[in-house]
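Visitor: Using the sequences plus the hints, can you model the full thing?
Protein chains: 2
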Amino acid sequence: MKVTLSALDTYESSFTPLVVIELAQDVKEETKEWLKNRIIAKKKDGGAQLLFKPLLNKYETETLEHHNLYLVGASQIRLLLGAEAVGLVKECNDNTMRAFTYGTRQNFKGFDVRRLLTSGIVIQVFPLHDPEALKKLEDTWYTRFTLKYQPIDSIRGYFGETIALYFGFLEYFTFALIPMAVIGLPYYLFAWEDYDKYVIFASFNLIWSTVILEVWKRGCANMTYRWGTLLMKRQFEEPRPGFHGVLGINSITGREEPVYSSFKRQLRIYLVSLPFVCLCLYFSLYVMMIYFDMEVWALSLHEDSGSEWTNILLYVPSIIYAIIIEIMNRLYRYAAEFLTSWENHRLESAYQNHLVLKVLVFNFLNCFASLFYIAFVLKDMKLLRQSLATLLITSQLLNQIVESLLPYWLQKKHGVQVKRRVQALKADIDVALYEQVILEKEMGTYMGTFDDYLELFLQFGYVSLFSCVYPLAAAFAVLNNFTEVNSDALKMCRVLKRPFSEPSASIGVWQLAFETMSVISVVTNCALIGMSPQVNAVFPESKTDLILIVVAVEHALLALKFILAFAIPDKPRHIQMKLARLEFESLEALKQQQMKLVAENLKEEPREDIKEKAA
Amino acid sequence: MKVTLSALDTYESSFTPLVVIELAQDVKEETKEWLKNRIIAKKKDGGAQLLFKPLLNKYETETLEHHNLYLVGASQIRLLLGAEAVGLVKECNDNTMRAFTYGTRQNFKGFDVRRLLTSGIVIQVFPLHDPEALKKLEDTWYTRFTLKYQPIDSIRGYFGETIALYFGFLEYFTFALIPMAVIGLPYYLFAWEDYDKYVIFASFNLIWSTVILEVWKRGCANMTYRWGTLLMKRQFEEPRPGFHGVLGINSITGREEPVYSSFKRQLRIYLVSLPFVCLCLYFSLYVMMIYFDMEVWALSLHEDSGSEWTNILLYVPSIIYAIIIEIMNRLYRYAAEFLTSWENHRLESAYQNHLVLKVLVFNFLNCFASLFYIAFVLKDMKLLRQSLATLLITSQLLNQIVESLLPYWLQKKHGVQVKRRVQALKADIDVALYEQVILEKEMGTYMGTFDDYLELFLQFGYVSLFSCVYPLAAAFAVLNNFTEVNSDALKMCRVLKRPFSEPSASIGVWQLAFETMSVISVVTNCALIGMSPQVNAVFPESKTDLILIVVAVEHALLALKFILAFAIPDKPRHIQMKLARLEFESLEALKQQQMKLVAENLKEEPREDIKEKAA
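Protein chains in written order, with full-length UniProt numbering: chain D, 1 to 615; chain B, 1 to 615.
Hints were generated in silico from the structure; no laboratory data involved. Certain hints may be false.
No copy is singled out in the list; a pair is fine if it fits within one copy or between any two copies.
[Unchecked claim] Listed next, the in silico DSBU-like pairs over lysine-lysine satisfying Cα-Cα at most 35 Å (straight line):
| id | residue 1 | residue 2 |
| --- | --- | --- |
| 1 | Lys-264 | Lys-578 |
| 2 | Lys-32 | Lys-148 |
| 3 | Lys-36 | Lys-596 |
| 4 | Lys-217 | Lys-264 |
Guide: Right, here's the structure in full:
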């Protein structure tokens, strides 16, 4: 017994650095000592029972900078124990890393590293990349440009389920877009301007958008079943780190924690956040009207001169507007984060819901209001097509550059600098590790899958809302997504710090968001078809009949959509069977347990009863 | 130990007869003996460990008839054990009976009483009424005509959750209708024929129908939480009794059971059931057209003569049609049951879903097709109102008579006969018990809450679909429901055999059915308002604008409805809190368990590891 625990305490035996902690420069020695003790203390004493080591030893710190970096690691034994503790030991053989990160996350909760972060003692905590595993992952993922599926299971092994699910969805969505792109191409090639052909396209679009979302649910269940997170039990939610309030007693857990009145929060939401969001929406519409003025101005300029040069000028307002939309979206994103954080939600999930709602409403209006205006107020299909094309292509190009390529280039430049500096030192240390820590310390932090899903959501909007006017949209989306996979992969592997692994069972609220978008797209497409000259020609004398028929068809389609969504099972049959088997076995086990209980009671209780009667 | 079990075996000590088993006349003595042994055998030998006794002893059977009736009972001890076995011992003190019925149900499964029923050995198995408890229940329930809430908890104690939930829903729905009825009355009293007032009424109706369904979910959660069934674990579903097939291995349970190919079932559904349902729908529409012919004939007759007598004649076609609708509904119900049973579904839930779908589609069309036809094809609001009133009132009157009053009268007559006959015998037996068994043996069996909910569903349709044309509908519905509570209670207590108690957590598929109806009612009401002359007068020159505005308002209302349904939490806050507390505690317990596991592993496994390293 003694042997075991002392073995776990030593630093030397099989130390693999996994997480880096950076402390503030002015932290006192006592604090450091306390933190170290919390990390290396045994489980039963409330510690994390992990290994802790400064990046540089005493001698080195005198010659080099960065003396407040510490490495946290674990022995192989601790990793296995962690895996067992979270119940993750199953048939997979790629989960050593995962077991650790997941385990660590729980252990860190013990001394609440988040509180240390907000108090400023700890500057940052991040897991280190594993250069060897990363190289292997990159080789199968994106470095070779061949057409093949992504190694989703390896991505999940390295980054965790949440990120793997995003890449799985991105891939699935791209493949799902291909039929749309293929059907859309001839419209461009043969310049099919007939609206009756657009009717076919729109009808196809309706069924397509419903079916792909339903099929995704099944594919997603397939993946998460394989990973063991499909039936994941939600962790009991602790208050989120930013939450503050007067200390009180939580009526659910009975623990002492900050309490904040729900009434005050409601006040903040309805008196500050809501007016602010409305103001932003108004501002967005105001900008849109300026765009239309510019559009008119450009058109009049073109008509006055009629030269080739002014023909290109026609696209300029749209491009400028697209860039402004991107900028507004990003600015609003920060404001929404600030406001939602200020609303002081107790739970991370409530915070996320309020944030998603704020951001989605604004982004939807900001991106699509001008298109709806052109389609249904101006009724100018040519302008709609031009505007849609410019918005879609500009936003995609901007995203790729701002999100991945630019940061990658900056990161590479910085990497060369650091390498040069480290080589110049020629100190007697583990150069590779030192270099890695210094480099990754400066990398950006991955802020979660929110922005990535949002991008796909808006893309889905461009493709499905007005696809019957611009069938080429799907082709552009496919093209973008093929490069997006690679640039996102590059971003994850080379530009950003390695994120902590998060388990998840599905894409969550985004499924709902995509489904809502597809309902809106049914309505929009029906309206567009109803407005087309071809359909109008069928009812030359009575416009009323036309509208009534379009509305009836739209209602039928919506009903069909809901029935379809209801009729397609969310989980594939073989998984349903396996889950039923699991449930059956656990019920059998429960029954056995209860039988035992009854048998035990039979031995004890009734005898008393009988005795009384006999007496 | 010996004392206990032998005490459980004796018949005499505290025998309360609870269930009656009627065997076929030609059952052999060996079969009877076997059955008896299965019932009284101890639990560990696979028996039910209950008491079993013929209704009459040897001597009496010679002088009296009905010698194949047997009583199954339980001692007080067994009841308590049963309650404990199903984990029902909680703060309630009314659950002795419930514990028994529930327990029995499980014990009977052991020797599959259903198989004995289908094989014809056992004619019927039914629980006996408990005259004393029944009297008490009736006194607080319906015998005294005072305006008060029903004793839902007592109903649940006597009949189980499923039936109590029906009465709870009936009561809730009646109270929810009162505001509608109150607002509707002045329309009748002051003969408000202005359509703008109908617009107000319809708008109110929209919000009302959404809100009451959402609020019901919360009330229902409240009740079932109190009863402990809210978090009820679904029992693992065994094949339903009627299911047959070639013996095979169930891949989920690994047990041998009948297997029936899903392909064959699909064939039966799509090649037989579906065409049959379509044929019935066609027939129903055909009957409807005959009704309209009759309507025209009656009108022409009235116009020719113009007398007071023919004025009444105007209502005759509607009344005849209403009666025919009722008859068709009932006939179709039997056909649907036969067909669904013939489709040979393996699970009771699949059977129920297919049956509900078949019956709902037909009943909806059968009851409302003529109204839709009058409203949107004939556009005759006067006829619509008259037709609606006749249909609603006739169907309600018919239902009350056929369902409760007529059977009650027959039952009473039969009761007097039995009493006279028993008193004439003057044999030396427990006359009260004998009389009760003979009487209840002949009572009808309660076929579940299906028909009762269906009736409410159709009523909800009459009230919400066309309420803006006939605001008095709600008042009639309220009036009907107040008597319905009493006649249904009478039916449950005096006309039908006591049903086995069934636990349930909600009204299940009916919630969905009511919600679908309320969506249809939004669409219908919007269309009716759009057709009204008043609204049309606002847009004298452009009918197109009017339709577009109505459609836009309808979409906005539907969106609002979905947002409202989404925003109102399904469970009241205090229950959410309690459930969260429960979850927290179970997670804490799990954590404790895992901690122990880790501690144990620390003691054992690592030592091996270290030893190896040391070696």
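Visitor: Reference check for the pair Lys-264 and Lys-578, CA-CA at most 35 Å: within, between, both, or neither?
Guide: between (47 Å within a copy, 23 Å between copies)
Visitor: How do Lys-217 and Lys-264 come out at 35 Å by Cα distance, when the copy is not named: within, between, both, or neither?
Guide: Between. Shortest inter-copy distance 28 Å satisfies the 35 Å Cα cut-off; intra-copy 38 Å does not.
Visitor: Tell me, please, which holds for Lys-36 and Lys-596 at an alpha-carbon limit of 35 Å: within, between, both or neither?
Guide: Between copies, since 25 Å is at most 35 Å while 48 Å is not.
Visitor: When no copy is specified for Lys-32 and Lys-148, does a C-alpha distance of 35 Å or less occur within a copy, between copies, both, or neither?
Guide: Cα proximity of Lys-32 and Lys-148: none, with 49 Å in one copy and 70 Å across.
Hint check: a violation occurs at hint 2 only; the rest are consistent with the structure.
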